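Chain residues, written in single-letter form:
2 protein chains.
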Amino acid sequence: MVPHLVPRQLVWLCRRQVACARGASVQHRTWAGVSGAPSLLSPWRATVTSPLVCRSSSSTPPSAPKVVLTQERYPVTRLPFSVVSEDDLAAFERIVPGRVITDPEVLEASNVDWLRTVRGCSKVLLRPRTSQEVAHILRYCHERNLAVNPQGGNTGMVGGSVPVFDEIILSTALMNEVISFHSVSGTLVCQAGCVLEELSRYVEERGFVMPLDLGAKGSCHIGGNVATNAGGLRFLRYGSLHGTVLGLEVVLADGTVLNCLSSLRKDNTGYDLKQLFIGSEGTLGVITAVSIQCPPKPRAVNVAFLGCPGFAEVLQTFTTCKGLLGEILSAYEFMDAECMWLVTRHLRLASPVQESPFYVLIETSGSRAGHDAEKLSDFLDQVLSSGLVTDGTVATDQMKLKALWALRERISEALSRDGYVYKYDLSLPTERLYDLVPDLRARLGSRAKHVVGYGHLGDGNLHLNVTSEAFSPSLLDALEPYVYEWTARQRGSVSAEHGLGFKKRGVLGYSKPPEALRLMQQLKALLDPKGILNPYKTLPAQA
Amino acid sequence: MVPHLVPRQLVWLCRRQVACARGASVQHRTWAGVSGAPSLLSPWRATVTSPLVCRSSSSTPPSAPKVVLTQERYPVTRLPFSVVSEDDLAAFERIVPGRVITDPEVLEASNVDWLRTVRGCSKVLLRPRTSQEVAHILRYCHERNLAVNPQGGNTGMVGGSVPVFDEIILSTALMNEVISFHSVSGTLVCQAGCVLEELSRYVEERGFVMPLDLGAKGSCHIGGNVATNAGGLRFLRYGSLHGTVLGLEVVLADGTVLNCLSSLRKDNTGYDLKQLFIGSEGTLGVITAVSIQCPPKPRAVNVAFLGCPGFAEVLQTFTTCKGLLGEILSAYEFMDAECMWLVTRHLRLASPVQESPFYVLIETSGSRAGHDAEKLSDFLDQVLSSGLVTDGTVATDQMKLKALWALRERISEALSRDGYVYKYDLSLPTERLYDLVPDLRARLGSRAKHVVGYGHLGDGNLHLNVTSEAFSPSLLDALEPYVYEWTARQRGSVSAEHGLGFKKRGVLGYSKPPEALRLMQQLKALLDPKGILNPYKTLPAQA
Chain A
638 MVPHLVPRQL
648 VWLCRRQVAC
658 ARGASVQHRT
668 WAGVSGAPSL
678 LSPWRATVTS
688 PLVCRSSSST
698 PPSAPKVVLT
708 QERYPVTRLP
718 FSVVSEDDLA
728 AFERIVPGRV
738 ITDPEVLEAS
748 NVDWLRTVRG
758 CSKVLLRPRT
768 SQEVAHILRY
778 CHERNLAVNP
788 QGGNTGMVGG
798 SVPVFDEIIL
808 STALMNEVIS
818 FHSVSGTLVC
828 QAGCVLEELS
838 RYVEERGFVM
848 PLDLGAKGSC
858 HIGGNVATNA
868 GGLRFLRYGS
878 LHGTVLGLEV
888 VLADGTVLNC
898 LSSLRKDNTG
908 YDLKQLFIGS
918 EGTLGVITAV
928 SIQCPPKPRA
938 VNVAFLGCPG
948 FAEVLQTFTT
958 CKGLLGEILS
968 AYEFMDAECM
978 WLVTRHLRLA
988 SPVQESPFYV
998 LIETSGSRAG
1008 HDAEKLSDFL
1018 DQVLSSGLVT
1028 DGTVATDQMK
1038 LKALWALRER
1048 ISEALSRDGY
1058 VYKYDLSLPT
1068 ERLYDLVPDL
1078 RARLGSRAKH
1088 VVGYGHLGDG
1098 NLHLNVTSEA
1108 FSPSLLDALE
1118 PYVYEWTARQ
1128 RGSVSAEHGL
1138 GFKKRGVLGY
1148 SKPPEALRLM
1158 QQLKALLDPK
1168 GILNPYKTLP
1178 AQA
Chain B
638 MVPHLVPRQL
648 VWLCRRQVAC
658 ARGASVQHRT
668 WAGVSGAPSL
678 LSPWRATVTS
688 PLVCRSSSST
698 PPSAPKVVLT
708 QERYPVTRLP
718 FSVVSEDDLA
728 AFERIVPGRV
738 ITDPEVLEAS
748 NVDWLRTVRG
758 CSKVLLRPRT
768 SQEVAHILRY
778 CHERNLAVNP
788 QGGNTGMVGG
798 SVPVFDEIIL
808 STALMNEVIS
818 FHSVSGTLVC
828 QAGCVLEELS
838 RYVEERGFVM
848 PLDLGAKGSC
858 HIGGNVATNA
868 GGLRFLRYGS
878 LHGTVLGLEV
888 VLADGTVLNC
898 LSSLRKDNTG
908 YDLKQLFIGS
918 EGTLGVITAV
928 SIQCPPKPRA
938 VNVAFLGCPG
948 FAEVLQTFTT
958 CKGLLGEILS
968 AYEFMDAECM
978 WLVTRHLRLA
988 SPVQESPFYV
998 LIETSGSRAG
1008 HDAEKLSDFL
1018 DQVLSSGLVT
1028 DGTVATDQMK
1038 LKALWALRER
1048 ISEALSRDGY
1058 VYKYDLSLPT
1068 ERLYDLVPDL
1078 RARLGSRAKH
1088 VVGYGHLGDG
1098 NLHLNVTSEA
1108 FSPSLLDALE
1118 PYVYEWTARQ
1128 RGSVSAEHGL
1138 GFKKRGVLGY
1148 SKPPEALRLM
1158 QQLKALLDPK
1168 GILNPYKTLP
1178 AQA
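Protein chains in written order, with the numbering used here: chain A, 638 to 1180; chain B, 638 to 1180.
Incorrect hints may have been included.
Any copy, or any two copies together, can satisfy a pair, since identical chains are not distinguished.
Calculated cross-link-like contacts (lysine to aspartate or glutamate; reagent style DMTMM-like; alpha-carbon spacing at most 25 Å) [claimed, not checked]:
#1 Lys934 - Glu1011
#2 Lys959 - Glu835
#3 Lys934 - Glu1068
#4 Lys703 - Asp1018
#5 Lys1086 - Glu709
#6 Lys1037 - Glu1122
#7 Lys1167 - Asp740
#8 Lys934 - Asp1018
#9 Lys934 - Glu842
#10 Lys959 - Glu1011
#11 Lys959 - Asp1028
#12 Lys1037 - Glu1117
#13 Lys1167 - Asp724
#14 Lys1161 - Asp891
#15 Lys1060 - Glu1122
#16 Lys703 - Glu1011
#17 Lys1167 - Glu1152
#18 Lys959 - Glu834
#19 Lys1037 - Glu709
#20 Lys959 - Glu842
#21 Lys934 - Asp724
For the record, the hints were derived by calculation from the structure and aren't laboratory data.
Remember, predicted model here, so these are calculated numbers, not experimental data.
Please model the complete structure; the sequences and the hints are all you need to start from.
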């Protein structure tokens, strides 16, 4: 297992209180369960449980406030779909016998997103095992005009994976079989409900790795990853799912099974239809199986944690790094001094390097430890001697690797301890990646407690976070639509990796021109003329 | 410049005679101009001119037979589009003043494909400089119901880039400006008519390489590469254009400019519309600008040429190679003994290794010569000592690199000297990549002169070629649809990298199910309801 993945999971401890007002980007989380902030390199990690168990009702403490129904919190109107009847339940029972769930307690976990920010009121959850069962269900729902909410691991960040009203929840949880794996080509074909971590384990035992990795790997389904075009930790190295997914099987809104489950690296026979469904968040079809190209497992992993005197140096270090580390570079993350202040203050992590305006985390993954170490050493010599980097440390053993990754991965947790957090996930041209942070500090002045920037510099992805003592409508007004407009002026993306789902569908226009929106709507109308698939998601509400 | 690219170009010498019957896959080429077959490592290469000049009428010798009109050779009926009138020409002259070409001599080169297998009879060629001009042209053509054939470098293999009847030729040749290049991220944004080789030179001067490379690089346009989803030599390392293209600007059939020209690595705001146009061969829209991610330029390149005792050993060598060379592996090509016989016999190239049933060409590209050489050396020790490989040679200097690549790259030329060639470009599961070759040898017996298999093993792409003394209808009957049906049974692709264009649109059904064909037709109807964009291409003729 790639060692830095564990800390990311650990921060998502159970029992969160989330208050949300005026849009999805405003959240307030408080964590419980982190008793005694661990110091760097301490063995605390082993004691913490999987992050996402708190999604289920049984693990939510009785004292946790009930999440407000989405239809009550947001200005959204139910579309004229049919309402599930007893006859419908009987029909579903014939299609998926014994797998029609109507128990409200069980349904609760599937009606609420794991961030506890949105909540539907679905009365039925279906658990098909095969794509034929999915096809039967959708054919029936299409005829009956019943809305359907496809659901994988329910780990999304934008409310795309739970119903808004009473949509039928169609879970891929029981579609979890590996169909085939080719040990020469590294091509994995599996059902959509396979959990990413289990797939990782499966292919790693065979000398390969999954081309994507996420903090939510313990719960998320590969079908959901593809449907949301998940980015994650291996994006810099292995690229987008648009490149690594070789084929998909998709059930369309009317129950048609579209079999594009090719396991070929090359296929130039006609339009690449699978691409339509990657990132469409279940609004164009339900992904039932995935064929994906797995790269060989790296034999050596190193992490360097460095201090840089300015953002210009962070950029120059990246350029140098790409040149000297070349093919072994697998991550280039950055964080600013305020991030370090927050993790050292709130989580009592120790900074491994001298105080600096910026910090960079570089990971290498290669096939030969000695070569990788030599490349890294030469790179470090160069950036240190040229003054691009003022201090640094390197880890090769798994414990220290994890500790260095924790400094970057636990920023989100530290922010949540700092107060009310306004979160933005932006894609920007690399050279302007940090400009918005000092701009906002000047704009917000003392109204903000902290304005911090960190993220996947190698991918041009900024996580911009603003904290205040408590939620402040005036601070929100100062942030929105300013942040979105600023991003739009740079031709950036207002959702780099999280998607639109329910909560961000309204800001799509900041990153896409009207012609693109129109074509999206036309594609939706073509593929799902009744609009039954994951309604109220991805596409802006019709005016 | 990556050294192995030159030989690929050199084989395409001028003056070809192509006879074509019953489908595009049957071609007969004879080469003139290669006076005195060069021996390995001789300096002959410098004397040969660029391959693709023979496309222009001026470079086609007067004795070359005129290519039969497509409408006469193939059973295809003109659709009821309008015919270009004097008024239309006047209107075009207002849109692109001085760039409306009606001279039959100039038009000839754009009416005939470079393989000289198909020929349209267009009366007008337009040369816009901007996407706005393209938009004006398409808006006008859409209103007038005039069919349009978008054309880049006209280097396609399947007759997709020339008119079938009198479609207006819309050339991207004058849209050849680099719009921007980011020296930190390596993102190139350029107009669609930029020639691939010029872009390569441009980014290489800045320390990057284009993520694709092709034999036709000296002529092909990046817009055409994207429209045809070109594979090429760097596919194994940098993957598909679906992953490396970051954004596109496309003009739709009605003249709408769809600006998805993002230069961001990550953007999860809605459907990834650009993907629709990658590989759609100009039938859904005209690509006018491309944003593409360029990887850093490798500092060291090595080539190993090896002999293997069987195809099982070729596969095991590939697995070993992926493990030991890992991140520096950039090509894994194979050829059988008959291929070697053909290149040594017809081109008088010398085999650098002992006679073997199979040969493998491995290329590494890395950031550090010493490390790469060490990895390669250890890999070679292992495959030699285990018997997977029986003989081999390694090249590091550019001259020998080119010579080794020539053995693989010039197979196509050697085949053409052997007689009439039946060519197939198949994608197959790697473990069954070669099965069809011995199967066909047994099936065809003495009717075939040679049945050979070679190709991009690392990408699962087989080039299957059959030669006979002269074209034989009975041999063709023994090959088709047998080859397509065999490929379909393996869930392979009947067009791995060449696309469908005009010549292969009829065999699409072997690789795609009816539901996919139907969706393709629906997408075409949605985006181009009048069907004016590159008609008679990609989609099968309507029954």
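Quick check: which numbered hints come out false for this structure?
The structure breaks hints 4, 5, 6, 7, 12, 16, 19 and 21; every other hint is satisfied.
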